[in-house]
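Trainee: Residue strings, one per chain:
Number of protein chains: 2
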Amino acid sequence: MRLTSLLSLLTGVAIAITAVAAVPANALEVFTASESNVPNAGPARPKNIIIMIGDGMGPAYPTAYRYFKDNPDTQEIEQTVFDRLLVGMASTYPERSSGYVTDSAAAATALATGFKSYNGAISVDINKQPLTTLMEHAKSLGMATGIAVTSQVNHATPAAFLTHNESRKNYLDIAQSYLATGTDVILGGGQDYFSQDLLAQFVAKGYEYATDKKSLAKAKSPKVIGLFAPVQLPWAVNNKEGLQLSQLTKKALSLLSQQEQGFVLLVEGSLIDWAGHSNDIVSAMGEMQEFAASIEVAEQFARQNKDTLVIITADHNTGGLSIGANGEYAWHPEVIKNVKASPDSIAKQLIDTEAWLSSFTQLVGFEPLDSEWSLLLKAKEKGLDDFTLAISRLIDKRSGTGWTTFGHTALDVPVYATGPGAKLFFGFQDNTDIANKIFSLLPKPEMIQDTPDKGAPVSEL
Amino acid sequence: MRLTSLLSLLTGVAIAITAVAAVPANALEVFTASESNVPNAGPARPKNIIIMIGDGMGPAYPTAYRYFKDNPDTQEIEQTVFDRLLVGMASTYPERSSGYVTDSAAAATALATGFKSYNGAISVDINKQPLTTLMEHAKSLGMATGIAVTSQVNHATPAAFLTHNESRKNYLDIAQSYLATGTDVILGGGQDYFSQDLLAQFVAKGYEYATDKKSLAKAKSPKVIGLFAPVQLPWAVNNKEGLQLSQLTKKALSLLSQQEQGFVLLVEGSLIDWAGHSNDIVSAMGEMQEFAASIEVAEQFARQNKDTLVIITADHNTGGLSIGANGEYAWHPEVIKNVKASPDSIAKQLIDTEAWLSSFTQLVGFEPLDSEWSLLLKAKEKGLDDFTLAISRLIDKRSGTGWTTFGHTALDVPVYATGPGAKLFFGFQDNTDIANKIFSLLPKPEMIQDTPDKGAPVSEL
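Order-wise, the sequence lines are chains A and B.
Position one of the first sequence corresponds to residue 1 (my numbering), numbered consecutively onward.
Position one of the second sequence corresponds to residue 1 (my numbering), numbered consecutively onward.
The shape of chain A in the complex, shown without the other chains (with noise of 0.2 Å):
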């Protein structure tokens, strides 16, 4: 009875309650809360695994996301792709001489790593030396890797990933080093840290260069890298008919899953920290919901191949965002969902005009109380910056949103998964335990059968 039991279990036919209640405790607890992560509950290995970054997405934001998507009109609040891919969370405290709060460089050495570093480090330990990165381990065994985010490729996230650097500051340094390290597809914003001279040096490589939704289409090599805006790309909410992260996701995973021995792809929603940094709610959801939209599209690949690992995280918590603020028990999403650009681009358009009032209104979708105008007028006076921020503190006011920083917080940070290996992630970790745990479930190079594309051996994993 208990064999069958089991064995029913694992090959996942349906038994009664009773039926289980008969077995042991101790025999079906195998997830307890602090058995979860036992390395003899091993998963089946994935062959591909996509690394997502929200960047700056500590939990507030996912939160606030399931609120600004529900509809008002519906009794229930349905769920979002993070709530139903939850597992756990994170913390992202960095090396100690940095203190409790870490910035994006350190994050991402611990996730691309294993292993805490200092405050601007990338993927270099606490002298300055070079740790092996997944993405490099992953190419010694074979698998094509990729990066496809929001901001310039070679911004301190997916550099972490990709290089070394003793410091995220060194942008051209970054960009120049990406040559060597055989990444396959790279795609994002940064058009201003490659020259016309390095770019080539990438198409003798065998690159193909993407600049545009149409030349990206087009690319079918093995290797591309896409840089589609002088920096950053545009936010999310302003940027309706342009390339969105979701279908770098998309154009990402159709390039890579033509290798035989499967991939390691980083995705990142970069903006979701800068909109964050700048205190403002509508790129922030804006950047939220086209985040969201590349999980899904994650979560598709992953059910059409089901050899494929999707593990979501944040890299740290920006902003400090609160849904809810000033004693008042309410958030408001529906005024962020009127607004029609953000902030800092209604602020651009109107910053020069002098009779601007019914712009704004149409703009903010709401006409503001004179004790309101008389703080918009007074910032538009001190310049662009005063007026973006004013802007922003209006929707915040009358969203209910509230901010304690411009910079990051300690807070820990939610994990998602799903695929093969997605239980070893469930419950409390520490973010280099994130990357540990996807080292675990990278091929052992014994297992590798050809591999073509195989770097130097990396000693120390």
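Any given hint could turn out to be false.
No copy is singled out in the list; a pair is fine if it fits within one copy or between any two copies.
Below 20 Å or equal to it, Euclidean Cα-Cα: the simulated DMTMM-like pairs (lysine to aspartate or glutamate) are [what the hints assert, rightly or not]:
1. Lys169 to Glu328
2. Lys213 to Glu260
3. Lys337 to Asp73
4. Lys348 to Glu78
5. Lys250 to Asp307
6. Lys397 to Glu367
7. Lys348 to Asp386
8. Lys69 to Glu95
9. Lys69 to Asp430
10. Lys169 to Asp73
11. Lys169 to Glu260
12. Lys397 to Asp430
13. Lys378 to Glu328
14. Lys397 to Glu296
15. Lys337 to Glu381
16. Lys223 to Asp197
Quick caveat, the hints were computed from the structure, so don't treat them as lab data.
Model the placement of chain B on the given structure of chain A, informed by the hints.
Mentor: Relative to chain A, chain B alone:
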């Protein structure tokens, strides 16, 4: 080979990764994110259930507590009991008529009954009709029930578990109604709401009445009501010698575990919320420390009594607490640790004193700068509330703590569990799901052999 591997897994024997890789992915993916709550993966049923609620304990509280407890002289950051037990998160929104931000009453109604209701509701629906609570159902099954809280025992959270009322504000009604509930153990504050006459009625029903450490220690009856303060218990940080929640939890467990049919105990760290409402990080960390100690008591009980489920969550997030604020990438828990008493108690001690600067320095653990003195002096002149808040804000500034509201926010809250049934709570869920899962873990009426204290049948279950 495959069968051997599966049996090895189930008997806890470590198996080589290569052997696992031979097992088809789906066979081992018992708990992917979307499947973690599948009923046919059901647990052994617990005999005892300990429900623990950190009132207002959004995810920033346990994260902050980790860093608050960290010893900066060691390289590692130690995990807390929260980290050890994390299994998922929960949404907290009330019934649609109350928007997205819940109060404690609607949240406790959801957690106690599995139904959404309006803010203010004590286990009644939007038509003010009673909703069956977990405690009533447990009673009807002959189980013992109890509460141990740091607020008055008739405050919103315990009230929604024990009784029904159209408004949480009807404190006297609520206290009176407890008499008929048959609740076995009632421990907390609230002497002001229980007249001598009402207490005499409790005693006539067989309750022992305790008012302090000594009388509680002596209490041995199955039925005990203990009220240890006029309203709420003192802040943990000011109450080193007094009765604390961990002691109430220990006593409640000792009393309830005498009962043969098992028990349901609610433990609430009520004042985490009150500290959040006051934007008081010193008291918040003190309450978190005591709530953690209470969880450790429950965890220890569950280790010794393997038929005990401990399920821990929060009703909502209070204050919009953030760990890091105002653009600084830093949080300084040592500032908080050095404060000797709660800000309100410091303010009370010094408000009527003319020469208070050295006492203040001694109590807060640092010597304020001129600009800080100036703010404190102005606030002290305005009165106790302003002085208290100015002290809190000064500690915030020095520790890098941020807040967005004196009220609640809609942020999802963490869920922790251990013991039989714990895996039902993995992943994302609504607060009503938590109640429904607990209902599903209570015995079916036909499983009860003997129901000495059986209440009325609960028709709607």
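Trainee: Now, for every hint given, state plainly whether the structure supports it.
Mentor: Cross-check of the supplied hints:
no.: 1; hint: Lys169 to Glu328; in the structure: between (41 Å within a copy, 19 Å between copies)
no.: 2; hint: Lys213 to Glu260; in the structure: neither (27 Å within a copy, 70 Å between copies)
no.: 3; hint: Lys337 to Asp73; in the structure: within (15 Å within a copy, 48 Å between copies)
no.: 4; hint: Lys348 to Glu78; in the structure: neither (36 Å within a copy, 48 Å between copies)
no.: 5; hint: Lys250 to Asp307; in the structure: within (17 Å within a copy, 48 Å between copies)
no.: 6; hint: Lys397 to Glu367; in the structure: within (14 Å within a copy, 36 Å between copies)
no.: 7; hint: Lys348 to Asp386; in the structure: within (11 Å within a copy, 41 Å between copies)
no.: 8; hint: Lys69 to Glu95; in the structure: between (37 Å within a copy, 17 Å between copies)
no.: 9; hint: Lys69 to Asp430; in the structure: between (30 Å within a copy, 16 Å between copies)
no.: 10; hint: Lys169 to Asp73; in the structure: neither (48 Å within a copy, 31 Å between copies)
no.: 11; hint: Lys169 to Glu260; in the structure: neither (36 Å within a copy, 66 Å between copies)
no.: 12; hint: Lys397 to Asp430; in the structure: neither (35 Å within a copy, 27 Å between copies)
no.: 13; hint: Lys378 to Glu328; in the structure: neither (26 Å within a copy, 27 Å between copies)
no.: 14; hint: Lys397 to Glu296; in the structure: neither (32 Å within a copy, 41 Å between copies)
no.: 15; hint: Lys337 to Glu381; in the structure: neither (27 Å within a copy, 45 Å between copies)
no.: 16; hint: Lys223 to Asp197; in the structure: within (18 Å within a copy, 83 Å between copies)
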